[in-house]
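**Q** Assemble chain B onto chain A, guided by the hints.
2 protein chains.
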Amino acid sequence: MQQYRYKITIEYLGTGLAGWQRQANGLSIQQILEEAIYCLTKTNTIVIAAGRTDAGVHALGQVAHFDLTNYRDPHQIMRSLNHFMRPHSVAIIDCQNVTSDFHARFSAIKRHYIYKIVNRPGQVILDAERAWWIRHKLNISAMQQGVSYLLGQHDFTSFRAKHCQAQSPIKTLSKLDIIKCDQEQINFYLSAPSFLHHMVRNIVGSLVLVGLEKWQPENIKAVLDSKKREAAGSTAPAKGLYFIKVDY
Amino acid sequence: MQQYRYKITIEYLGTGLAGWQRQANGLSIQQILEEAIYCLTKTNTIVIAAGRTDAGVHALGQVAHFDLTNYRDPHQIMRSLNHFMRPHSVAIIDCQNVTSDFHARFSAIKRHYIYKIVNRPGQVILDAERAWWIRHKLNISAMQQGVSYLLGQHDFTSFRAKHCQAQSPIKTLSKLDIIKCDQEQINFYLSAPSFLHHMVRNIVGSLVLVGLEKWQPENIKAVLDSKKREAAGSTAPAKGLYFIKVDY
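Going down the list, the protein sequences come from chains A and B.
Just so you know, the working numbering puts 201 at position 159 of the first sequence, and the rest follows in order with no gaps.
Just so you know, the working numbering puts 93 at position 51 of the second sequence, and the rest follows in order with no gaps.
So that you can see chain A by itself, here it is in the shape it has in the complex (with noise of 0.2 Å):
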């Protein structure tokens, strides 16, 4: 049976959702997409993403692919599945065809995430959902320092989920730039061609504590050096993440 394969790229506001992937208590992206999918075609179809996403974080370039039975205008296609998807804090903003060799997430070459912090003693509030509020000055140039520990090839053992998946621990940091963009806000981009499970979150959550002065930049490699979980920092919460882009 011929199929068409979709690729679209996905805007969505994480909060209040359950993340990605489908779950038995609580609604996900991955469950939006596919009912509106259901409403537009009345066949079931399984979304795959390039990244899963935890709950409460946000997207503005999360890539996924699906295949219909019949051709639909791709333009058509993000119309009708935004109308059906409305009411929910998610939103297609392209839509295209793609050959059935495409997928979502293995023909990924490297995926791209900011993780956003607030740093200012003054309670946030246009931001409260959106970003990590830190009351505390960040020495940004000793986490910077910090950072320079873990670019490159690593085993990040140690900035890993007790329940991540993924068969190897060791993964590549192509990029990881702490810019501070105004006064209060500063920003971490992180690129990978793959990362583990809350991998960004615990890297942020260690390198916050070498900003806090709680730790010396050094300390990130011992940590990384330990194949620890429990020698990093907590896992920084979800709402300051971004999955931003993919490249393939």
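Zero decoy hints are in this set.
If chains are identical, the list can't say which one is meant, so a pair holds when it fits in one copy or spans any two.
Derived DSBU-like pairs (lysine-lysine); straight-line CA-CA distance at most 30 Å:
#: 1; residue 1: K158; residue 2: K263
#: 2; residue 1: K287; residue 2: K222
#: 3; residue 1: K152; residue 2: K217
#: 4; residue 1: K270; residue 2: K152
Calculated from the structure, these hints are not laboratory results.
**A** Coordinates of chain B only, in the frame set by chain A:
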């Protein structure tokens, strides 16, 4: 009776709120603050703001003042009021004890706003209530040409709401920069000693007609010269507007 004056800087998400000023119907930021002060002091207190923002307009740095009959530590005031306001998307981010000649409205020498547009075909999710989504590509340099007619002192009757209470329609627009922040976001930075009611949103509404190439940049001059509200474009949505800062 001795009184102690406090200057507060306030951040709020205007979504779902009735704007700054107390209303018979709808919850205003003024009411939220005054009720929080009542919880703290058991005294009815009036809070006076630098700018009376409309329903749906946000603030990152609204300034207001109020008087208390007992001295309280400014930091404690901030913490207590933020505690009482917790259910609402309003917080005090700075509080200072000031002399009684300080007046949030009348001492202000310049007010600063940002208007945010997301300019892309794809539906906007993260900024749905925080920016004006415009699908069709805006011509930024045409809008910038339009701006040239607005800078400086003019009779802004054409950009003034019908129910504006200002005594004179003559205002001095000190700054209007249009900056493309990234691929999609266009920010308008506006500064003036004071603005007429709806002046920022009416200016943005007209400049967007230039950006969409429905108008020529020169139309802005014709609209200004006409001194008729109906000559100008429609009022840009409240959700894109942010009250940023006040100079004293």
